[in-house]
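Protein chains: 2
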Amino acid sequence: MTCTPKESVARLLLDVWSLGDTSAVPDLIAERFTIFHDPGDPWEGQALDQAGYVQRVRESRAPFPDQSFAICDMLEEGEKVAVTWTWKGTHRRPVAGLPASNRLIHMSGATVYSFAGVAIIGHWQISDRLGVFRQLSETPSG
Amino acid sequence: MTCTPKESVARLLLDVWSLGDTSAVPDLIAERFTIFHDPGDPWEGQALDQAGYVQRVRESRAPFPDQSFAICDMLEEGEKVAVTWTWKGTHRRPVAGLPASNRLIHMSGATVYSFAGVAIIGHWQISDRLGVFRQLSETPSG
Chain A
1 MTCTPKESVA RLLLDVWSLG DTSAVPDLIA ERFTIFHDPG DPWEGQALDQ
51 AGYVQRVRES RAPFPDQSFA ICDMLEEGEK VAVTWTWKGT HRRPVAGLPA
101 SNRLIHMSGA TVYSFAGVAI IGHWQISDRL GVFRQLSETP SG
Chain B
1 MTCTPKESVA RLLLDVWSLG DTSAVPDLIA ERFTIFHDPG DPWEGQALDQ
51 AGYVQRVRES RAPFPDQSFA ICDMLEEGEK VAVTWTWKGT HRRPVAGLPA
101 SNRLIHMSGA TVYSFAGVAI IGHWQISDRL GVFRQLSETP SG
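Protein sequences, first through last, are from chains A and B. If you count the first sequence from 1, position 74 lands on 74 in the numbering used here, and the numbers rise without skipping. If you count the second sequence from 1, position 104 lands on 104 in the numbering used here, and the numbers rise without skipping.
These are calculated hints, taken from the structure and not from any lab test. Among the hints, a few may not be true.
The list that follows gives simulated cross-link-like pairs (lysine-lysine, DSS-like), each with its CA atoms no further than 27 Å apart [what the hints assert, rightly or not]:
#1 Lys80(A) / Lys6(A)
#2 Lys80(A) / Lys88(B)
#3 Lys6(B) / Lys80(B)
#4 Lys80(B) / Lys88(A)
#5 Lys80(B) / Lys80(A)
#6 Lys80(A) / Lys6(B)
#7 Lys6(A) / Lys6(B)
#8 Lys80(B) / Lys6(A)
#9 Lys6(A) / Lys88(A)
#10 Lys88(B) / Lys6(B)
Ranges of calculated distance between the beta carbons of each label pair, as one might list FRET restraints [said to hold, decoys possible]:
#11 Lys88(B) / Ala24(A): 35 to 41 Å
#12 Gln50(A) / Gln50(B): 46 to 52 Å
#13 Glu79(B) / Thr4(A): 34 to 40 Å
#14 Leu98(B) / Arg93(A): 29 to 35 Å
#15 Gln50(B) / Ala62(A): 46 to 52 Å
#16 Ser60(B) / Ala70(A): 35 to 41 Å
#17 Ser68(B) / Ala62(A): 35 to 41 Å
#18 Asn102(B) / Asp49(A): 42 to 48 Å
#19 Arg32(B) / Cys72(A): 16 to 22 Å
#20 Leu98(A) / Ala70(B): 30 to 36 Å
#21 Arg32(A) / Pro65(B): 40 to 46 Å
The structure displayed is predicted, hence computed values, not measured ones. Heads up, the beta-carbon is just placed ideally off N, CA and C, and yes, glycines get one too.
Please model the complete structure; the sequences and the hints are all you need to start from.
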């Protein structure tokens, strides 16, 4: 059973990234996945195999174990899907040198996923990292 | 003479935002333009008339008078165009409380423009503001 490109992007964001169900990775991600552009992301510019992609999901989710994405909009043309999204997660473990704050952090971003047939072969992404940095740097109000 | 939505987005980024030719605004922008989402942008959430849009262009370009956008990718579906872009500009006047550094600053971002017919009625945008903040905060190496 194959999915449309939009369905695959939705599964990737909601099953893999939100729920941490990495068992779906081989259905969705090509043998080689390239992070074409993702400023501030530790994996920017790298090409990952499926095991590497799973590792990236695990390491990215570790500081925010309850993280979840909500899809705002999706546009498809040719072999690409552009998706805009919001994200939230509770900051439970250190990230970027900052100790766990146990605060709910919000972010938004936009990603263009590239396909070869039904497999996702890479992404070009911008996330609002300045917004996250400001939230993580805030003095707790309590 | 009307343009396709992709041609209109290219004119907006290259003529209006890169060259500062605001005479094209009435051809491209609706009477009411809404900044649906643009975290960190001073106009986020506002609805602007064409004069307000021109004012936004002028104020945004002032710190970086030679700014230019390059389009990476465009996807069109329905009445929307998603565009990914890179940007550069020389920091000639104060911005965000930081004095002019006269350095060339780089940024990238992604924008979804919404249309009603041939007019652009709003955008949803993410820019790599953390990358800009880091460049502006760097100690000059010279």
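Note to self: Which constraints among the numbered hints does this structure fail? Numbers only, ascending.
What the structure shows: 13, 16
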